[in-house]
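Fit chain B to the supplied structure of chain A, relying on the hints for placement.
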Amino acid sequence: MSGLGTAFGSGAMTNTINELQQMGPNDAIFAIGTNTTECHPIIGIRMLEAHRRGARLIVADPRETELAKHADVYLRHNPGSDVALLNAMMYVILTEGLADEAFIKSRTENFEACRETVLKYSPERVEGITGVPAEKVRQAARLFATAENGATYYTMGITQHTSGVDNVLSVANLAMLTGNLGKPRAGVNPLRGQNNVQGACDMGALPNVYPAYQPVTDPKVREKFEKAWGRKLSDKVGMAISDVLRGIEEGKVRFLYVFGENPMRSDPDVNHVRHCLEKVEFLVVQDIFLTESAAMADVVLPGTTWAEKDGTFSNTERRVQRVRQAVEPRGNARPDWQILRDLIRAMGYPADYSSPEEIFNEIRTVAPSYAGMTYERLEKLGGIHWPCPTEEHPGTPILHVGKFSRGLGRFSAVDWRPPAELPDDEYPLVLTTGRRTAHYHTGTMTRNCWGLDGVAPEEWVEISPEDAADLGIAHGDHVRLTTRRGSVVARAEVTDRVPKGVTFITFHYTESAGNLLTNSALDPVSKTPEYKVCAVRVEKVSA
Amino acid sequence: MCALNAFVVADPNKCIGCKVCEVACAVVHSDVPVKTVGQMTTPIIPRLYLVKTAEVTMPVQCRHCEDAPCANACPVGAITQRDGIIYVDQEACVGCKTCMLACPFGAMEMVPYYRNGERVKQLRLTEETGEGPVLQDAFVASKCDRCIGVEGGPACVANCPKEALRVVRPDELRRTRNLEAALAVLESVKNVIG
Chain A
788 MSGLGTAFGS GAMTNTINEL QQMGPNDAIF AIGTNTTECH PIIGIRMLEA HRRGARLIVA
848 DPRETELAKH ADVYLRHNPG SDVALLNAMM YVILTEGLAD EAFIKSRTEN FEACRETVLK
908 YSPERVEGIT GVPAEKVRQA ARLFATAENG ATYYTMGITQ HTSGVDNVLS VANLAMLTGN
968 LGKPRAGVNP LRGQNNVQGA CDMGALPNVY PAYQPVTDPK VREKFEKAWG RKLSDKVGMA
1028 ISDVLRGIEE GKVRFLYVFG ENPMRSDPDV NHVRHCLEKV EFLVVQDIFL TESAAMADVV
1088 LPGTTWAEKD GTFSNTERRV QRVRQAVEPR GNARPDWQIL RDLIRAMGYP ADYSSPEEIF
1148 NEIRTVAPSY AGMTYERLEK LGGIHWPCPT EEHPGTPILH VGKFSRGLGR FSAVDWRPPA
1208 ELPDDEYPLV LTTGRRTAHY HTGTMTRNCW GLDGVAPEEW VEISPEDAAD LGIAHGDHVR
1268 LTTRRGSVVA RAEVTDRVPK GVTFITFHYT ESAGNLLTNS ALDPVSKTPE YKVCAVRVEK
1328 VSA
Chain B
38 MCALNAFVVA DPNKCIGCKV CEVACAVVHS DVPVKTVGQM TTPIIPRLYL VKTAEVTMPV
98 QCRHCEDAPC ANACPVGAIT QRDGIIYVDQ EACVGCKTCM LACPFGAMEM VPYYRNGERV
158 KQLRLTEETG EGPVLQDAFV ASKCDRCIGV EGGPACVANC PKEALRVVRP DELRRTRNLE
218 AALAVLESVK NVIG
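From first to last, the protein sequence lines are chains A and B.
If you want this note's numbering, it's the position in the first sequence, counting the first as 1, plus 787.
If you want this note's numbering, it's the position in the second sequence, counting the first as 1, plus 37.
In isolation and in its complexed conformation, chain A is listed as follows (with noise of 0.2 Å):
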């Protein structure tokens, strides 16, 4: 998100998923840190699908994905490494010649800074640091550079580094290079992990903004929120999930409401995260089921599933769609919205909505991107794409069309930096993290679906076969992975999905839970920790 912002004035999916649907042969897939195949099975379908039209398909990834098996260059690069491989293949689009100067020239700034550091990396000199020998980064760049359009997709490989904003701002130096943006089958598309994490977002559960990314620190808006709301408002930006542990640690932070979330399992040392919510005087969870947070708290308030509630979604392709209730909620659970009216009642506020469709009535008072949304225009037309400013806009799938939302995109100048955690002789292996189709997130859901569960009912590490040989581990052996934060036993995957000196861990598994061993080393600008590299030892547990 800062990094897009950054980079372009907004920071969401600037194109749209159907457009996979219309690529072909002119066209480039550029998938970078996404395991789509697994974890966005449909998108990856179509991915597959535009492939086998004709599309041409670039991944990169540490771990052999599905996905990687088809492409036409597929980069094995070191985890972390995104930066250092980024800026080789624009080293080589640059220097071929392949670079889109009328785009450059007409719709960015800061290009000659960026320039001057992408000629630091010729995929010579890096290949020590990416591990991808130098003339794939070029079959790649010029795969790429060379299509008639092209789509670059990621999700938290990307993301979830101590480098995170800088990754994200080179896959935009990539695209803006190659005159990608503004137009169909193109674009830079951070792919979502959770149907709703957008529109989470959109409505201002971030610490600096308002609903619709308005700044708090903005007097206009404060006023402009001050006057809607008849309460004087704070103009300071709030706390990160780490400052707030952190605020926890020196007795700033004294009360904690945790909404459908499960940091118990979801933050990285998870050891930590204990210590906090043991500390924290007075825990609320809002929740489905009684998760491992929510056993923690003082008062747990039950919220409704997906199949209780009402109202709308806002997907990853920014389309607000609605959702509707289909069966009662059970026992307890109310909709989270009358939760929240209640709270905010009994806190002195005079809140009297009787329906979702009220509530969305009101964000589109305050939300210029959502105000020409009506619940009738949704379900007529499916959804709308943001922005959508007046009943009569007919929503906007595809972003920065002519001009970027902040006028001309901005180019950046990115140097590769190491992750904060590499492996010693003390913690050998580098440990990454995902995810499995059958779970989802911490599996509060899926592990309490016998069925979802079934198909995958505990965790099973990747290793790769030189690293188990080394160390004496065969397929399904139980392992102990230990890292300085903490230790957790599994089975092992011996497996060429991953290279040598890498691990895999999802964080789906109570019992094996792959967070006690991640590291919370943060990103400096978007506070995103670096889920996806740490050190770690892997024993063989003898039965």
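If you are wondering where the hints come from, they were derived from the structure by calculation, not from laboratory data.
Do not rely on the hints blindly, as some may be mistaken.
Derived list of chain A stretches under chain B, where covered just means 3 residues or more per stretch with a C-beta under 8 Å from a C-beta of chain B [stated by the list, open to error]:
no., stretch
1, 828-835
2, 1238-1250
3, 1279-1291
Among chain A residues calculated to face chain B with C-beta under 8 Å, some are [unchecked claim]:
no., residue
4, E851
5, T1224
6, A1225
By construction, the Cβ of each residue, glycine as well, lies at the ideal position given by its N, Cα and C atoms.
For chain B alone, kept in the frame of chain A given last:
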């Protein structure tokens, strides 16, 4: 019946390894009828098996061999040809695993036996435990039955999001291939004068 046995096969170029086929298979073969996997109370026991390695990703299942090695090997005659499939009579199975040895595809598996959602015990076989002898759990041979009698045909084929699975009917397959080959010859000679 004189037609060759049909079978389900996957396309490794299309499969993404999502296991929807395994889930769909387990649901349709659930001992207690269920609408979705979320309603199941017995373990997920699929009758096709996803292979997911660096080289290949696709599910593997029974080929319904004409001279089925599993049937030939079964010492109690529990495996027979029936309505165009090779069928396992789980009541008769003694769990000797000879069929597993015989099957060249690894399509046969020994699975925990359930009846009316309850784990079936062996009739007499007990295991000595601290609290005295306890009846052993029953395990029986299990494999693809091509969803005989299921509306809409095999559940794996019907549910694959990538349409990576299909039913192959050998006689049709031969006719289609013959036609393709004939058309290819036509294409290659059509510009030859003579």
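Report the numbers of all earlier hints that the structure fails to satisfy, in ascending order.
none
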